[in-house]
Every structure is written in C-alpha cells, then in structure tokens.
Amino acid sequence: MTEKFKRGDGRAIDELRQIEAKVGVVPNADGSAMYRSGDTIAIAAVYGPKKMHPQHQQDPSRGQLRCDYNMLSFSVSERIKPGKNRRAMEISEITKWALEPVLILDKYPNQVIDVFIDIIQADAGTRCAGINAASLALAHAGVPMKDMVSSIAVGKLDKTLVVDLTKEEEDFEEGEGPTDIPISMTHSGKITHMQLDGKISAEQLKDAVDLAKGACAKIYEIQKKALKDAVDFEGGK
Amino acid sequence: MDKVMTTPEPTGERIKKYLREGKRFDGRSLLDFRKITIEKNISKKSEGSVKVKIGKTEMVVGVKLDVSAPYADSPNKGNLMVTAEMLPLSSQRFEAGPPKFDAIELGRVTDRGIRESKFINLEKLCIKEGEKVWTVFVDIYSINDDGNLMDAATIGAVAALKIAKMPKYDEESGKVVYGELSENNIPLTESFPIAVSVHKIGESLIVDPTRQEEDLSECRVTLTNNKGEISSLQKSESKELDVEEMKNIFEISEEASKKILKKIEDNLK
Amino acid sequence: MERKVVIPGEVIVEGEDYLPGENTEKRDGKVVSLRYGLAEEQNNLVKVIALSGVYAPRRGNVVVGKIENITQNGWIVDIGCAESAFLSINEVPRYVNKDAMEEVFKIDDMVIAKIWSIGKRGIDLSIKSRGLGKISEGIIFKINPNTVPRVIGKEGSMIKIIKEGTGCNIDIAQNGFVVIEGENIGIEIFAKKVVDFITEKPFISGLTEKVTKFIEENKK
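Chains as they are written, first to last, in this note's numbering: chain A, 68 to 304; chain B, 635 to 903; chain C, 4 to 223.
No wet-lab data here; the hints were simulated from the structure. Every residue, glycine too, gets a C-beta built ideally from N, C-alpha and C. Hints are not guaranteed to be accurate.
Unchecked claim - DEER-style ranges, computed between Cβ atoms:
{"id": "1", "chain 1": "C", "residue 1": "Gly-32", "chain 2": "B", "residue 2": "Leu-902", "range": "55 to 65 Å"}
{"id": "2", "chain 1": "C", "residue 1": "Lys-29", "chain 2": "A", "residue 2": "Glu-160", "range": "44 to 54 Å"}
{"id": "3", "chain 1": "A", "residue 1": "Asp-299", "chain 2": "C", "residue 2": "Gly-63", "range": "30 to 40 Å"}
{"id": "4", "chain 1": "A", "residue 1": "Gly-256", "chain 2": "C", "residue 2": "Asp-20", "range": "24 to 34 Å"}
{"id": "5", "chain 1": "B", "residue 1": "Asp-900", "chain 2": "C", "residue 2": "Asn-221", "range": "23 to 33 Å"}
{"id": "6", "chain 1": "B", "residue 1": "Pro-709", "chain 2": "A", "residue 2": "Gly-244", "range": "35 to 45 Å"}
{"id": "7", "chain 1": "B", "residue 1": "Glu-871", "chain 2": "A", "residue 2": "Asp-81", "range": "49 to 59 Å"}
{"id": "8", "chain 1": "C", "residue 1": "Glu-140", "chain 2": "B", "residue 2": "Gly-661", "range": "36 to 46 Å"}
Unchecked claim - A few chain A residues facing chain C, derived, Cβ under 7 Å:
{"id": "9", "residue": "Phe-72"}
{"id": "10", "residue": "Pro-116"}
{"id": "11", "residue": "Lys-117"}
{"id": "12", "residue": "Lys-118"}
{"id": "13", "residue": "Gln-178"}
{"id": "14", "residue": "Ala-206"}
{"id": "15", "residue": "Gly-209"}
{"id": "16", "residue": "Met-212"}
{"id": "17", "residue": "Asp-214"}
{"id": "18", "residue": "Met-215"}
{"id": "19", "residue": "His-254"}
{"id": "20", "residue": "Ile-258"}
{"id": "21", "residue": "Leu-294"}
{"id": "22", "residue": "Lys-295"}
{"id": "23", "residue": "Asp-299"}
Stated by the list, open to error - Below, simulated DSSO-like cross-link-like pairs (lysine-lysine); rule was C-alpha separation at most 30 Å, straight line:
{"id": "24", "chain 1": "A", "residue 1": "Lys-89", "chain 2": "C", "residue 2": "Lys-109"}
{"id": "25", "chain 1": "C", "residue 1": "Lys-166", "chain 2": "B", "residue 2": "Lys-651"}
{"id": "26", "chain 1": "A", "residue 1": "Lys-234", "chain 2": "A", "residue 2": "Lys-89"}
{"id": "27", "chain 1": "A", "residue 1": "Lys-89", "chain 2": "B", "residue 2": "Lys-678"}
{"id": "28", "chain 1": "B", "residue 1": "Lys-897", "chain 2": "B", "residue 2": "Lys-834"}
{"id": "29", "chain 1": "B", "residue 1": "Lys-650", "chain 2": "C", "residue 2": "Lys-145"}
{"id": "30", "chain 1": "B", "residue 1": "Lys-669", "chain 2": "C", "residue 2": "Lys-196"}
{"id": "31", "chain 1": "A", "residue 1": "Lys-89", "chain 2": "C", "residue 2": "Lys-204"}
{"id": "32", "chain 1": "C", "residue 1": "Lys-145", "chain 2": "C", "residue 2": "Lys-109"}
{"id": "33", "chain 1": "C", "residue 1": "Lys-222", "chain 2": "B", "residue 2": "Lys-690"}
{"id": "34", "chain 1": "C", "residue 1": "Lys-145", "chain 2": "B", "residue 2": "Lys-685"}
{"id": "35", "chain 1": "B", "residue 1": "Lys-809", "chain 2": "B", "residue 2": "Lys-834"}
{"id": "36", "chain 1": "C", "residue 1": "Lys-50", "chain 2": "A", "residue 2": "Lys-295"}
{"id": "37", "chain 1": "C", "residue 1": "Lys-50", "chain 2": "A", "residue 2": "Lys-174"}
{"id": "38", "chain 1": "B", "residue 1": "Lys-758", "chain 2": "A", "residue 2": "Lys-148"}
{"id": "39", "chain 1": "B", "residue 1": "Lys-690", "chain 2": "B", "residue 2": "Lys-809"}
{"id": "40", "chain 1": "B", "residue 1": "Lys-809", "chain 2": "A", "residue 2": "Lys-151"}
Can you make the complete structure from the sequences, with help from the hints?
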C-alpha cells in the first residue's frame with residue numbers, strides 16, 4: 068500500500084465520498100432516513116414492531132426483522148424492469164443479516180419490524196448505503212438496539228486498497244482489476260456483514276478489514292450527528 | 635394484511651359537516667390544492683427526473699429511453715410506457731409484492747392522460763421506420779402518501795418529461811450510449827396534460843384530498859385536461875353520480891387544472 | 004449530568020456510581036444507551052426517554068381504539084399496537100343483550116377504555132370507570148405516543164392550558180390518540196393546532212410559555 072495510486076476523482080485511498088444523512092424523510096413511517104454517498108442515494112423506512120402476517124411466520128419467542136431492498140428503475144443507466152430480481156432478493160437478506168445482530172427483539176414475540184430500502188440513484192455501494200440508511204431509520208423508529216451499524220465498500224483496484232468505490236472504480240480494468248468488498252460493522256467493531264468479489268490474498272484482506280473499520284467509524288459519526296440534529300431544543304440544552 | 639386504522643367515524647362526520655359549510659380542516663377551500671413543489675434532477679442516471687410534493691404527499695418520477703423495434707401497427711412511431719408503483723416504504727397501507735389494483739390504475743390513468751393529449755410527439759421518436767424507434771419509459775414511485783397520489787403522478791410525469799434530455803445514440807451499433815445525454819429534449823408538442831381528481835365526500839365535491847379526507851371519498855373522477863380539452867377520464871369506485879353532479883365535476887376539474895398549470899410552470903422555470 | 008440526545012450504543016456516562024435505568028445497560032463500568040432518546044440522570048440513576056417508537060401497552064393506561072370485531076362475549080379492539088385488545092361484556096357498566104351486541108358497540112365504533120390487565124392471552128380493556136365508553140363526538144387524531152407526557156404536562160398543567168385557552172374538552176390517551184370536543188368545529192381544529200404545535204417540537208425550552216403565547220396569538 069506504499070505506492071501512490073491516483074483515484075479517478077482525486078480522493079485519498081481512505082477518503083469517503085461526500086456524505087449526507089438525514090432522518091425523518093418519510094413522515095408516514097415509524098422511522099426513516101436518507102443516506103447519500105457521492106451519487107448513491109438510499110432511503111429507508113421502518114414500520115413496526117407490529118403483528119407478523121402471515122401468522123404461520125410468527126415466532127413466539129422473539130420479534131423478527133424483515134428487509135426489502137429495491138432499486139428504482141431509473142436509478143441506473145440501463146433501466147431495471149420493475150419487480151423483484153435475484154440480486155435484490157439476496158441484498159434484502161444480506162441487509163437483514165447485517166442489522167439483526169444489534170436489535171433487541173425479545174420483547175416483541177410474534178411481531179415483525181419491516182424495513183424498506185429504496186435506491187433513488189446508484190453509483191456503486193448501494194447495499195452499503197441501504198444498510199447505513201436502514202440502521203439510521205431503525206434507531207429513528209425507536210427500536211431497541213445495542214449499537215449502530217455502519218457499512219462501507221472497500222475495493223482493491225489492481226493492487227491498491229481504497230474505500231467507498233464509485234461505479235467507475237468498480238469497472239476498473241487495469242492490472243489485477245477490481246475487487247469489491249462490502250463490509251458492515253457495529254460501532255464497537257463487530258463485523259455483521261462481509262462479501263467479496265474478485266481476487267485478493269488473505270493477508271491483504273486483513274488490511275481491507277482494518278480500512279473498513281476506519282471508514283465505518285467516520286460513517287458512524289455522520290449517522291450520530293443526523294440523529295442528534297433531528298431533536299430541536301432551540302438552544303435550550 | 636396489516637390492519638390500518640382509517641379516519642375514525644366521529645372525525646369523518648366532522649370533516650363532512652365542515653365541508654358542507656365550505657371549509658376544510660387545513661384551512662383550504664374545497665377547490666384549493668395544497669402547496670405544490672417540484673424538485674428537478676433528483677436522480678442523475680435517468681434522462682430526466684423530479685420529486686413532486688403536494689403538501690406531505692411525495693412522489694418521484696424518472697424518465698428512461700431505450701431503442702427497440704416499433705409495434706407492427708405503428709411502424710413510424712416511438713413507444714410510451716408509464717408504470718406506477720406504490721412503494722411499501724411510503725405507507726403502512728401498501729404491501730410488498732406484485733402490484734395491486736390501485737397501483738395499476740394509477741399507472742394506466744396517468745399513461746392515458748399523457749398519451750391521449752399527444753404530449754409526446756411519438757412520430758419524432760422514430761429512428762428508422764419499421765425497424766428502430768425510441769421507447770420512453772416513465773416510472774412513478776410514491777415516497778409518502780398523504781392523499782391524491784393520482785394527480786401528483788401526472789404532474790410528476792409531465793414535469794420529468796419536460797426536463798428530460800435524449801440520450802446519445804450510436805447509429806452504427808444501433809445502441810443507446812447510456813450515461814451520455816444529448817442537448818435535445820424529448821420531442822414534445824404544445825400539449826400540457828394535467829390530471830385533477832374530484833372526490834365526492836358526503837354531498838360535497840373536493841379536489842386534492844389529504845389521506846384523512848381520501849378515506850371518506852365515495853367516488854373519484856379523474857379528468858386529464860389539456861389546455862381546455864379533456865384527454866382522459868376515469869370514474870372510480872362504485873358510488874353513483876347524478877348527471878348534473880358529473881357535469882359540475884367537469885367544471886371543477888377544469889378550473890383547478892388551470893390554476894395548477896400556472897403553479898407547475900412556475901416550478902419548472 | 005446534563006440532559007442530552009443519545010443514540011443506540013452510545014456511552015452516556017462512565018463511573019461505578021451510576022446505575023442503568025430504563026433503556027440503558029451497564030457495560031464495563033459505563034452506562035450505555037439502548038435506544039435513541041433523551042438521556043437523563045437523577046440520583047445517579049441514568050435513563051433514556053424514548054423520542055419515538057410504537058405504543059407499548061401498560062396496565063392502567065387509558066387508550067382509544069376502534070372496534071375491529073364482535074365475538075360471543077365481547078369486542079376486539081384495535082388500539083394501535085401489535086396486539087389486539089379485548090373488551091368483555093362484563094367490563095361494560097350496563098346489561099348487554101348478547102343478541103344485540105352492536106347496540107353497545109358496532110364495528111368501526113371508537114371507544115376510550117382502560118387497560119385493566121395484560122397477560123399471556125392478550126390485553127383486556129374495561130370501560131367501567133367514569134369518562135370511559137363510546138366516543139361519538141369530536142375530532143380524533145393520532146400523535147406520536149412518546150409525546151403524550153409533554154402534551155399532558157407536569158400534573159396535567161399543559162393540558163389545562165390548552166383546555167382553558169380553547170374552551171375544548173380534551174382527552175389524551177396513552178396510545179397517542181387525542182379526542183377534542185368543543186362548541187364548534189373551528190375551535191376544535193384550533194385546539195388540534197395547539198396540540199400539533201407541542202408534538203412538533205416537544206423538547207424546546209420554555210414550552211409552556213411558548214404554548215400560552217401560541218394560543219394568544221392565534222386565537223380569533
């Protein structure tokens with residue numbers, strides 16, 4: 068990681084894109100949030116805890132989390148046909164795995180918390196943006212949680228590790244090409260989600276995890292600020 | 635299905651009583667719209683996109699274009715495809731899964747208003763007669779439902795089409811060069827279709843209901859008005875209407891559409 | 004410790020002297036929040052007041068609900084939480100003819116009731132006390148149930164201001180339903196606006212003065 072690597076948009080290898088986060092974007096929902104990283108925009112809304120339907124899916128010992136990830140048809144260059152595809156179904160489940168470990172659901176038997184994530188605009192890292200928005204929306208909905216979850220895509224471009232890939236970087240073709248490593252972590256440093264596509268040594272993958280940890284810490288601060296800013300004291304702290 | 639609490643009966647009775655006095659809970663008159671705002675280019679990968687808000691109701695609309703073979707019965711015309719989705723994100727009332735009737739109707743009524751008003755010049759979307767034409771996709775999504783998604787959908791669709799740019803097209807390969815937009819707008823005509831739904835609540839007729847009011851609607855008539863000409867109409871729900879009442883609805887819808895036209899034009903400046 | 008907004012997992016205070024209260028837990032000598040809310044400390048007990056979240060039913064709560072269904076010996080009531088509640092004919096302060104249950108409550112009727120028991124079988128309601136029963140008049144609307152204590156105020160001080168300022172009778176149910184009844188619809192809507200004013204910014208400083216001012220400025 069010593070050689071100088073020039074990123075297309077001039078960012079440092081551990082530099083995130085410009086991030087914006089806001090809660091309360093869907094007034095109808097029990098909790099909601101928008102998370103933007105560069106040109107990737109995700110919104111998430113939480114409904115519940117509420118009674119699980121259909122009844123046969125109820126768990127009498129604890130509440131359940133249900134996640135639904137969806138890309139709007141025009142969020143990418145080539146229009147996506149409406150309706151569920153396999154990729155969206157997998158990411159929905161991955162999102163659930165990423166978030167469930169921090170939720171305290173034992174007080175909600177036979178109930179479900181629905182999280183709906185919609186990608187408004189996509190420039191890579193949509194599952195991570197979705198997880199970041201969902202984590203915010205769950206907190207905003209007042210769901211009991213042990214911790215927050217933050218998510219980042221680490222990438223290996225040729226031989227260099229970078230964070231928060233753009234679509235252009237995902238399509239990088241020089242040298243060893245691109246490796247995409249989305250990772251989600253709790254603030255206390257536990258990994259709740261990790262995937263990888265590409266080619267990387269176990270040794271370098273360890274570095275990738277460390278890089279993700281640093282990036283998630285920065286994202287956590289932005290999430291924290293978004294939640295804190297949503298309460299108006301009018302200077303009456 | 636999730637149980638959802640609709641407007642409670644005593645509240646409903648008061649809304650109806652107030653309407654009979656010509657008043658609404660939020661201070662509007664029966665034929666007033668809430669504040670309309672249009673935010674442009676909210677999704678850069680599309681050829682044109684807007685976020686439209688009517689009060690707390692919010693929808694996003696995106697336009698995409700693609701090249702394909704024309705339909706056999708219109709070899710020299712481009713195609714238009716309008717779809718609407720009521721995202722479960724936007725209301726506890728909308729379920730995940732295949733589109734329900736309400737969303738299908740929303741897309742179809744919006745499609746007809748735009749199509750029949752000849753808003754898009756489909757002849758100009760022909761690349762090579764009988765072989766290649768443009769298809770314009772207009773996709774509409776609800777973000778927050780506080781009533782009147784129907785009218786918001788057409789406003790959003792028209793606004794998105796107005797600001798959309800044609801993508802670049804590589805004649806040699808016959809393919810669209812995505813990510814690169816030309817300077818050219820989508821070929822539109824002088825038309826300006828605007829949908830205004832009139833709702834019958836008790837004995838009163840109103841436009842732009844909030845969710846609370848829409849719960850009480852017994853009948854909705856949606857008219858798409860194109861500068862004084864009606865290009866589509868849909869009467870929804872089983873409730874019957876008197877002939878005079880229906881005629882009154884035509885007038886109310888036209889009056890309201892004139893006012894909205896101005897608001898949309900201001901928003902798009 | 005000063006009152007502050009905290010997020011899940013955030014350390015509120017460190018130190019062995021502090022005890023974890025509602026919505027918090029102790030981790031390695033630190034009191035950590037388990038919920039998004041306002042952290043407060045009193046006599047070393049640290050708790051987090053939730054700002055959001057669906058209504059959690061408690062015994063003794065007064066709630067407003069909608070009749071969902073009629074059974075052999077009572078009514079199923081939707082009180083806006085995951086569990087439906089049950090109002091037995093035995094908890095109605097009058098004789099109920101089992102063949103004419105809808106004379107007392109029909110489907111979609113609104114009722115104000117008290118939760119007298121929460122058990123494995125579900126939530127049981129009663130309308131035997133004064134002021135409970137069918138709601139046939141008034142504007143009924145829902146607010147964030149977490150703001151109910153702010154609308155009621157300390158020992159009912161805030162609700163008293165609204166009642167006196169508007170002349171309306173107002174019931175605030177713990178599940179977030181507000182019932183307003185006044186001389187005319189206009190004044191009821193005004194009272195609703197005052198409630199909305201509070202629920203929009205429930206934690207601003209000097210809320211009582213601001214509400215009084217709001218009433219004075221907006222009263223016709």
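Sort out whether Lys-196 of chain C lies within 30 Å of Lys-669 of chain B, counting only the CA atoms. holds (19 Å)
Review point. Taking only the CA atoms, is the gap from Lys-89 of chain A to Lys-109 of chain C under or equal to 30 Å?
Key: Violated - the C-alpha atoms of Lys-109 of chain C and Lys-89 of chain A are around 43 Å apart, more than 30 Å.
- Straight-line Cα separation of Lys-897 of chain B and Lys-834 of chain B no greater than 30 Å? holds (24 Å)
*Verify the interface restraint on Lys-117 of chain A: the C-beta must sit less than 7 Å from at least one C-beta of chain C.*
It holds, given that the least Cβ distance between Lys-117 of chain A and chain C is near 5 Å, below 7 Å.
- Message: Given the hint of 23 to 33 Å, is the C-beta distance from Asp-900 of chain B to Asn-221 of chain C inside that range or not?
- Response: At 29 Å between Cβs, range holds.
message: Under 7 Å is the threshold here; is the Cβ of Leu-294 of chain A close enough to any Cβ of chain C for the hint to stand?
response: holds (5 Å)
Worksheet item: Taking the least C-beta to C-beta distance, is Asp-214 of chain A closer than 7 Å to chain C?
Response: At about 3 Å, which falls below the 7 Å cut-off, the nearest Cβ of chain C leaves the hint on Asp-214 of chain A intact, so it holds.
**Request:** Compare the distance between the alpha carbons of Lys-758 of chain B and Lys-148 of chain A with 30 Å, and conclude whether the hinted pair is satisfied.
**Result:** holds (25 Å)
Worksheet entry | Straight-line alpha-carbon gap Lys-89 of chain A to Lys-678 of chain B, limit 30 Å | holds (20 Å)
CA of Lys-50 of chain C to CA of Lys-174 of chain A, is that 30 Å or under? Between Lys-50 of chain C and Lys-174 of chain A the Cα gap is close to 18 Å, so the pair holds against 30 Å.
*Do the alpha carbons of Lys-166 of chain C and Lys-651 of chain B lie within 30 Å of each other, as the hint requires?*
holds (23 Å)
(message) So, as I understand it, the hint says Ala-206 of chain A touches chain C; can you test that by seeing if any CB pair is closer than 7 Å?
(response) holds (4 Å)
Checked against the numbered hints given earlier, this structure breaks hints 2, 8, 9, 20, 24, 35 and 39; the rest are met.
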